[in-house]
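2 protein chains.
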Amino acid sequence: MKQAIPHETIKRLALYLRSLRQLSRKRVEIISSEKLTEHIHASPAQVRKDLACFGEFGTPGVGYSVKKLIAEIESILGLKEKQEVALVGIGKLGSALLAYLGFEKFGFRISALFDNNPEKIGKKISELKIEDVARIKEVLRRRKIKIAIITVPAANAQEVADRLVAAGIKVILNFAPHYLNIPKGVIINTIDMAIELQSLAYYLTHKEQSRASSTTTNLT
Amino acid sequence: MKQAIPHETIKRLALYLRSLRQLSRKRVEIISSEKLTEHIHASPAQVRKDLACFGEFGTPGVGYSVKKLIAEIESILGLKEKQEVALVGIGKLGSALLAYLGFEKFGFRISALFDNNPEKIGKKISELKIEDVARIKEVLRRRKIKIAIITVPAANAQEVADRLVAAGIKVILNFAPHYLNIPKGVIINTIDMAIELQSLAYYLTHKEQSRASSTTTNLT
Numbered sequence: 027m028k029q030a031i032p033h034e035t036i037k038r039l040a041l042y043l044r045s046l047r048q049l050s051r052k053r054v055e056i057i058s059s060e061k062l063t064e065h066i067h068a069s070p071a072q073v074r075k076d077l078a079c080f081g082e083f084g085t086p087g088v089g090y091s092v093k094k095l096i097a098e099i100e101s102i103l104g105l106k107e108k109q110e111v112a113l114v115g116i117g118k119l120g121s122a123l124l125a126y127l128g129f130e131k132f133g134f135r136i137s138a139l140f141d142n143n144p145e146k147i148g149k150k151i152s153e154l155k156i157e158d159v160a161r162i163k164e165v166l167r168r169r170k171i172k173i174a175i176i177t178v179p180a181a182n183a184q185e186v187a188d189r190l191v192a193a194g195i196k197v198i199l200n201f202a203p204h205y206l207n208i209p210k211g212v213i214i215n216t217i218d219m220a221i222e223l224q225s226l227a228y229y230l231t232h233k234e235q236s237r238a239s240s241t242t243t244n245l246t
Numbered sequence: 027m028k029q030a031i032p033h034e035t036i037k038r039l040a041l042y043l044r045s046l047r048q049l050s051r052k053r054v055e056i057i058s059s060e061k062l063t064e065h066i067h068a069s070p071a072q073v074r075k076d077l078a079c080f081g082e083f084g085t086p087g088v089g090y091s092v093k094k095l096i097a098e099i100e101s102i103l104g105l106k107e108k109q110e111v112a113l114v115g116i117g118k119l120g121s122a123l124l125a126y127l128g129f130e131k132f133g134f135r136i137s138a139l140f141d142n143n144p145e146k147i148g149k150k151i152s153e154l155k156i157e158d159v160a161r162i163k164e165v166l167r168r169r170k171i172k173i174a175i176i177t178v179p180a181a182n183a184q185e186v187a188d189r190l191v192a193a194g195i196k197v198i199l200n201f202a203p204h205y206l207n208i209p210k211g212v213i214i215n216t217i218d219m220a221i222e223l224q225s226l227a228y229y230l231t232h233k234e235q236s237r238a239s240s241t242t243t244n245l246t
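As they're listed, the protein sequences go chains H and L. Per our numbering: the first sequence ends with 246, consecutive numbering throughout. Per our numbering: the second sequence ends with 246, consecutive numbering throughout.
Derived from the structure by calculation, the hints contain no laboratory data. Cβ coordinates follow ideal geometry from the N, Cα and C atoms, glycine included. Wrong hints could be hidden among the right ones.
[What the hints assert, rightly or not] Just a sample of chain H residues kept apart from chain L, beta carbon distances all over 10 angstroms, derived:
hint : residue
1    : Lys61
2    : Asn142
3    : Gly148
4    : Ile156
5    : Arg168
[What the hints assert, rightly or not] With a Cα cut of at most 27 angstroms, we get these calculated BS3-like pairs of lysine-lysine:
hint : chain 1 : residue 1 : chain 2 : residue 2
6    : L       : Lys146    : H       : Lys118
7    : L       : Lys118    : L       : Lys93
8    : H       : Lys118    : L       : Lys131
9    : H       : Lys118    : L       : Lys149
10   : H       : Lys118    : L       : Lys108
11   : H       : Lys155    : L       : Lys118
12   : L       : Lys155    : H       : Lys118
13   : L       : Lys155    : H       : Lys146
14   : L       : Lys118    : H       : Lys150
15   : H       : Lys118    : L       : Lys118
16   : L       : Lys75     : L       : Lys94
17   : H       : Lys118    : L       : Lys150
18   : L       : Lys118    : H       : Lys108
19   : L       : Lys210    : H       : Lys61
20   : L       : Lys61     : H       : Lys210
Throw the hints in and build the complete structure from the sequences for me.
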């Protein structure tokens with residue numbers, strides 16, 4: 027019987043992976059859980075607990091093989107092969123994400139771009155043509171893309187989400203500051219930057235809370 | 027004795043506030059907790075529990091006064107007056123956030139911009155001059171700004187964070203994909219978009235987890 031793994035555990039795996047890749051570039055071969063948490067907000071016990079959800083990876087008293095652990099986490103996260111991603115909304119935020127993130131570096135390839143602005147449709151960004159949002163279903167079904175990022179204004183976000191779901195998208199990272207109604211079986215994570223900022227402002231006047239341990243975003 | 031309020035509660039308050047403001051614009055005067063959760067991933071019981079952390083706001087069997095609840099939540103979050111914010115890193119992401127978020131609309135005013143690029147320093151974005159990062163301490167101390175957003179590359183993020191802390195910044199929203207070492211008493215929330223995407227990819231191959239309830243970002 028499989029136990030549901032907390033999403034926080036999954037996110038920490040991605041953080042461990044980043045640290046491990048940095049260590050690998052520095053030719054470190056074996057790493058202890060203590061060392062692995064040096065640049066992550068987690069305790070060594072947390073690392074061991076997180077990894078134990080997925081199997082036995084380390085050698086007690088010795089540590090983890092950096093190379094093996096990278097391979098294991100890549101396999102758990104489904105990052106062995108590049109994941110194709112659709113980006114909907116090629117405005118300022120969408121373009122900034124394209125430029126800023128360096129998707130290839132961390133296991134993704136942006137392989138479809140969509141916008142509803144006739145002045146943008148048909149133009150190219152680094153070899154990739156911007157398609158009409160009306161063609162989302164057609165393009166994504168043909169290309170078998172399962173992951174999408176929404177960077178459209180709040181007012182258009184639900185319509186875009188509906189199109190993505192109809193196109194077979196299974197995972198959505200949403201930056202539109204809006205609640206999105208999504209059927210069961212599709213995962214959506216909303217990064218709502220306005221809400222993040224507002225909730226942080228709270229701590230300016232409420233010092234008792236100054237070591238809160240975590241903050242949560244919507245995931246359905 | 028004050029109990030620490032979970033950060034998730036604070037974030038939901040910000041979500042309730044957004045819904046309440048929308049309701050207020052539609053001239054709704056009284057709202058039930060059921061109605062309030064219609065566009066939020068939370069149950070009516072959760073709303074009542076969240077608000078109960080801060081006092082008695084509603085009338086049982088009747089509901090909440092929209093106007094009063096807006097005022098109460100604005101007061102709790104410290105949004106009665108515009109909060110001034112410094113933005114460090116006027117690259118693609120920083121500029122996109124400036125344009126995309128509409129800070130004024132949700133209680134903030136960007137009142138200082140910094141970059142380390144000599145070609146950008148001295149230029150203006152909507153009346154605001156981009157200052158040299160070397161002047162962070164001088165400018166922010168004089169202006170008494172307590173909130174900062176970091177949108178610089180990972181390699182520069184720690185240096186910028188150190189400057190912000192030295193300048194008296196108390197709350198940081200960090201978009202650099204990097205662990206930042208921050209002294210106690212300063213709150214940092216890292217929105218790591220690469221990690222968000224990687225952790226979502228997990229759900230493409232692990233269906234048992236398809237209704238995870240929340241995702242967590244670092245907050246120290």
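Lys61 of chain H: least C-beta distance to chain L exceeds 10 angstroms?
14 angstroms, holds
Mind checking the alpha carbons of Lys118 of chain H and Lys118 of chain L for me, to see if they're no more than 27 angstroms apart?
8 angstroms, holds
Straight-line Cα separation of Lys155 of chain L and Lys118 of chain H no greater than 27 angstroms?
20 angstroms, holds
With the threshold set at 27 angstroms, check whether the alpha-carbon distance from Lys155 of chain L to Lys146 of chain H stays at or below it.
30 angstroms, violated
Beyond 10 angstroms from every Cβ of chain L: is that where the Cβ of Arg168 of chain H lies?
18 angstroms, holds
Take the C-alpha atoms of Lys155 of chain H and Lys118 of chain L, compute the straight-line distance between them, and say whether it is at most 27 angstroms.
20 angstroms, holds
Is it true that the CA of Lys118 of chain H sits at most 27 angstroms from the CA of Lys131 of chain L?
Holds, at about 18 angstroms.
Next pair to validate is Lys146 of chain L with Lys118 of chain H; report whether the Cα-Cα distance is within 27 angstroms.
18 angstroms, holds
Minimum Cβ-Cβ distance from Gly148 of chain H to chain L exceeds 10 angstroms
Nearest chain L Cβ is 22 angstroms from Gly148 of chain H, so the label holds.
Does the structure keep Lys118 of chain L and Lys108 of chain H at a Cα separation of 27 angstroms or less?
Distance ~25 angstroms between Lys118 of chain L and Lys108 of chain H Cα, so the pair holds.
Would the hint linking Lys118 of chain L and Lys93 of chain L be met if the CA-CA limit is 27 angstroms?
With Cα atoms ~38 angstroms apart, Lys118 of chain L and Lys93 of chain L exceed 27 angstroms; violated.
Once the closest CB in chain L is found, is it more than 10 angstroms from Ile156 of chain H?
About 17 angstroms separates Ile156 of chain H from the closest Cβ of chain L, which puts it past 10 angstroms; holds.
The structure fails to meet hints 7, 13 from the earlier list, while all remaining hints are met.
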